[in-house]
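Asker: These are the residues of each chain, in order.
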Amino acid sequence: MKKFLHSILITFILIVNLYAFSASYTYDNIDNLAYVVAIGIDTSKSNNLKISFQFTDTSAYSNDSSSGSKGTIINTVEAQSLESSVNILNSYIGKNVNLAHCKVIVFSEEIAKAGLSNYIYSLINNSQIRPTSNIVISKCEAKYYLENSISESEKLITKYYDVFPNSSDYTGYISYVTLGDFFNQITDKTRSPVAILGGVNAKTSDINSGSEDASSILASKSTVVGERGTENLGLAVFKEDKLVGELTALESLCHSIIDNEANTFLISIANPRNSENTIDLSASEYKKTSINVDVSNGSPYINIDVYLNAEIMSIDTNTDYLDEAYLNEVATSANNFLASQISKYLYKTSTDFKSCINDFDKYASIHFLTNNDWENYDWVSSYEDAFFNVNVYTSVNSSMLLTES
Amino acid sequence: MNSIKLGNFEAIAIIVTITITHSILTLPKSIMVPVDSAALLNLIYVSILALFLSIIIYKLLNNFPGLDIIDISEFLGGKILQRIVGLLFLIYVLFVSSVLLRTFAHCLKIVYYPMTDLIFILAIFAVSIPISCTLSSETIFKANLIIIPVVLLGIVFLFIANTKYFNFENIYPLFGNGINATFIKGASNIFAFGGITVLYLLPPILKDKMQFKKVSILSTVLSSIYFILTIATILFMFSSVSFTNELMPLYSSVRYIEFGTFFQRLDSVFLLTWILAFFCYLGISFRFCTSIYKKITNIKSNKIISYPLTLLVLGLSLLPKDESITSFLEGTVYRYIFLIFSIGISLLILVLAYLKKKAKTIKE
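For the record, the sequence lines run as chains X and P.
Here the first sequence stands for residues 527 to 931, numbered as in the working numbering.
Here the second sequence stands for residues 32 to 395, numbered as in the working numbering.
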């Protein structure tokens, strides 16, 4: 009898659970889900949001697909919020839109200038969106950016979105900015975030101008001519949650060097023995950048020491690349060049943008014992009057495979 | 309950389980918000206090070998005091379990079961209570001994895997909201070591009574290390405003774990281990509950009482109208209940019983 009662109880519990959890199972069943790989957020004329969702078109990868298929589907919805746009889209596509695989969130420049905090809070609040999704600020419409996000070398859009932010590791021309980082920065009163600057390639380049180097190129203004639509170069700078400016590729590299984000990067410096030529160096940081902030005199005095190893990439004729004197001259030239560029970049952030995007506040807060003292110091205002002293210590080892030319 | 005997590791695992169950929910937030950037410093300080507290509890209980606080209160004030203290312990366990159950079920609903009614998620956990009570005590304690090391290793893994996101300078300003907030008001953060309450009930069920000192100290040290790793992970990863906003800060930090593009989304694995730890927590808590109930009422079997207690905890967990109430109960009310009951009343009983025993010895 006891066993019989137990069996009835267990059966009852199983039936109740089947009933209770089947709704959630159906809701999250892989067959019923439409996975978004990227979201683009624009403003519309009617003061609503114009939200574009990019999906992968799985039929594009089948054997009988037409060669002209782009491999992605973009649906755009006008709504008052991200959540309501998802709701409308659910009924439109007949599947449950799921944001768990969304890798990139693109905001148009216009919307970023108005402030992103509401959107960022909503995105973080959403349990499906990963904090590791990348944030891109598009110089064009976000929808247009998504439409042109097709890589020539990578047909799978999801793979492309996974890979492109990693170029920050070996170029330093962008930073690996995630939703989680962005949220952390905007919630901190003393810090300001940056985001990847994206745009659509103009597909024309005035190659005769001769002035286009890393110090002036950024997304939509690069010298690249190719079939690929979008390009991500430079960084979008925010003060609190509002877009206040842009950093060129070289300035972004300076940002990456200070934050130790770039593993290796390339710099072009003046040839110490022939001022008309430049030398390309492949550099990497052999020691973490040392940062000290002195707050004893009112305005912060920020001392930055950068330690680099470099190899000469571009070589010219009649030069001995194992000559120590020459290597030292190259090192001095690299030190001067980088120290001047980093200083210029830092004063731009403090005087032009008035925005501390390298988190120097964390080094300044060491000198304060309590939050009250720290708040009274008013880091945000003090940063505008900051003094910077940048020292770069480069050790040029040799060229690559050739030692003499 | 008194018929079963716990080994040292099993006893330590029980205390650590209670610490873990609190920490995966909103407890880190409750600890960190009042002290801000001084959270780690405060936790080290509170850990030292907790160690002192567990040594004091051991010293006092050592005067009554093989007796728990219920037996000691009988010695102090007869059957009436025994029943009052027993009832207070019952209310304490029921309150804490129901609040934790509600918060955990709510978090699961948000993350994985958006379309399932909260009562069904609560019921899944509640059903485990009578089931675990029908099993032998050894089964629960041994199962717990398997799961707890996994959860502990998980937190070490979490700390290491998130190192790349760490901002070690987040510990500055060193004293956060001030020395008073860190060391005077901040001392109330000792409520994080809720597992210490179990020490009052351990002596009769320990296999080797001489090892009680070892169990008290080791469990507190292990809980401290666990807490330091947990709080350090959250403090180094998030800005102070961010962790204030997070529902489950530890879960939020799990979502960042990635090893390239291959190894991602480990949150489900962590949640699975936490769910298992939560089942163990409920099993252990109600094993103690039924044992206390049996002691104060003299009923023969403690199995049958598990059904009404289950219904009671299910009902209590359904009572809060919304999560703001649960959050208040878990962060504020629980803090004061622990301080008043687990430290104030319980220690007072032990001290008075000790004085009574001393007076009696002198008389004799």
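Don't take every hint at face value.
Quick look at which bits of chain X chain P covers, simulated, 3 or more residues with Cβ under 8 Å [unchecked claim]:
{"hint": "1", "segment": "607-616"}
{"hint": "2", "segment": "850-863"}
{"hint": "3", "segment": "880-889"}
{"hint": "4", "segment": "898-905"}
For lysine-lysine, the following DSS-like pairs were computed, each having C-alpha atoms within a straight-line distance of at most 30 Å [as the list claims (entries may be wrong)]:
{"hint": "5", "chain 1": "X", "residue 1": "K529", "chain 2": "P", "residue 2": "K325"}
{"hint": "6", "chain 1": "X", "residue 1": "K529", "chain 2": "X", "residue 2": "K621"}
{"hint": "7", "chain 1": "X", "residue 1": "K888", "chain 2": "P", "residue 2": "K325"}
{"hint": "8", "chain 1": "P", "residue 1": "K195", "chain 2": "X", "residue 2": "K888"}
{"hint": "9", "chain 1": "P", "residue 1": "K195", "chain 2": "X", "residue 2": "K880"}
Hint data in this document are derived by calculation from the structure and do not stem from the laboratory.
No experiment lies behind these values; they were computed from the predicted model shown.
No residue lacks a Cβ here, since even glycine has one placed at the ideal position from N, Cα and C.
Asker: With the threshold set at 30 Å, check whether the alpha-carbon distance from K529/X to K621/X stays at or below it.
Answerer: violated (45 Å)
Asker: Between the alpha carbons of K529/X and K325/P, is the straight-line distance 30 Å or under?
Answerer: Since the Cα atoms of K529/X and K325/P sit roughly 25 Å apart, the hinted pair holds (cutoff 30 Å).
Asker: Examine the segment 607-616 of chain X for residues whose CB is less than 8 Å from any CB of chain P, and state whether their number is three or more.
Answerer: Per the Cβ count (0), the hint is violated.
Asker: Closer than 8 Å Cβ to Cβ for three or more residues is the test here. Does the segment 850-863 of chain X pass it with chain P?
Answerer: Not satisfied, violated; 0 residues make the cut.
Asker: What's the verdict on K195/P and K888/X, does the C-alpha distance respect the 30 Å limit or exceed it?
Answerer: Roughly 16 Å between the alpha carbons, so the hint for K195/P and K888/X holds.
Asker: Between the segment 880-889 of chain X and chain P, see if three or more residues pass the 8 Å beta-carbon test, and mark the coverage as holds or violated.
Answerer: With 3 residues in contact (Cβ-Cβ under 8 Å with chain P), the coverage given for the segment 880-889 of chain X holds.
Asker: Hinted pair, alpha-carbon criterion (30 Å max): K888/X, K325/P. Please report holds or violated.
Answerer: It is violated: about 56 Å lies between the C-alpha atoms, which goes past 30 Å.
Asker: Between K195/P and K880/X, is the straight-line Cα distance small enough, at 30 Å or below?
Answerer: This hinted pair holds, its Cα atoms lying about 28 Å apart.
Asker: Go check the segment 898-905 of chain X versus chain P for me, would you? Three or more residues, Cβ under 8 Å, otherwise it fails.
Answerer: holds (count 3)
Of the hints listed earlier, those the structure fails to meet are numbers 1, 2, 6 and 7, in rising order.
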